[in-house]
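Take the sequences, apply the hints, and build the full model.
For the sequence shown, counting from 1, position 31 maps to 31 in UniProt numbering; every step adds exactly one.
Honestly, the hints are just simulated from the structure, not real lab data. Keep in mind that a hint or two might mislead.
The calculated label-pair distances, taken between Cβ atoms and stated as ranges, are [what the hints assert, rightly or not]:
#1 7 x 66: 14 to 24 Å
#2 101 x 6: 47 to 57 Å
#3 114 x 91: 12 to 22 Å
#4 95 x 62: 26 to 36 Å
#5 95 x 11: 39 to 49 Å
#6 6 x 103: 39 to 49 Å
#7 30 x 118: 30 to 40 Å
#8 38 x 66: 26 to 36 Å
#9 6 x 31: 32 to 42 Å
Think of the CB as a built atom: it goes at the ideal place given N, C-alpha and C, for glycine as much as any other residue.
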Amino acid sequence: MTLIANLIIALFILVGVFFTVVTVVGILRLPDVYTRAHAASKSATLGVLGILIGVFLHFWWIKGHFSIQLLLGSVFLFITSPVGGHLMSRAAYMSGVKPTELTVGDDLAEAIGEQKSHEEE
Numbered sequence: 001m002t003l004i005a006n007l008i009i010a011l012f013i014l015v016g017v018f019f020t021v022v023t024v025v026g027i028l029r030l031p032d033v034y035t036r037a038h039a040a041s042k043s044a045t046l047g048v049l050g051i052l053i054g055v056f057l058h059f060w061w062i063k064g065h066f067s068i069q070l071l072l073g074s075v076f077l078f079i080t081s082p083v084g085g086h087l088m089s090r091a092a093y094m095s096g097v098k099p100t101e102l103t104v105g106d107d108l109a110e111a112i113g114e115q116k117s118h119e120e121e
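See the structure below:
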């Protein structure tokens, strides 16, 4: 049982490390703030969650300690990290940061234009 538990724990931690490395590569290689924010918020969330779940399972299965703090931290991170990334991207857009030339469409410009026209009425 211990061998299987260790393999599952190692799998979660390795998946977490993989997504964390993907985050680093995305932040270094992607062209603008919007794609970098996407890489940071999505893959970093998966990376940290994989590591936290691996640590939680280690303490529960190997050490016999059920850690509610790790579970709450995982849930809190899962909820807040993507929201924070979205808010930072929205703030960058509202402050006038231009996307890269490779960007195909700007769906938010239409929504912002409609909102401003309703505010003026």
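A quick look at each hint next to the structure:
At about 21 Å, the beta-carbon gap between residue 7 and residue 66 stays in the expected band of 14 to 24 Å. Here the CB-CB span from residue 101 to residue 6 is close to 49 Å, well matched to the stated 47 to 57 Å. Between residue 114 and residue 91 the beta carbons are some 20 Å apart, a value that agrees with the proposed interval 12 to 22 Å. In this structure, residue 95 and residue 62 break the distance hint of 26 to 36 Å, their C-beta atoms being roughly 48 Å apart.
At about 41 Å, the beta-carbon gap between residue 95 and residue 11 stays in the expected band of 39 to 49 Å. A C-beta distance of roughly 45 Å is found between residue 6 and residue 103, which places it inside the suggested range of 39 to 49 Å. Distance hint check for residue 30 and residue 118: the Cβ-Cβ separation is about 34 Å, which falls inside the suggested range of 30 to 40 Å. Take residue 38 and residue 66: their Cβ atoms lie about 34 Å apart, and the range 26 to 36 Å holds.
Here the CB-CB span from residue 6 to residue 31 is close to 41 Å, well matched to the stated 32 to 42 Å.
Going through the hint list in order, the structure does not satisfy hint 4, though it satisfies all others.
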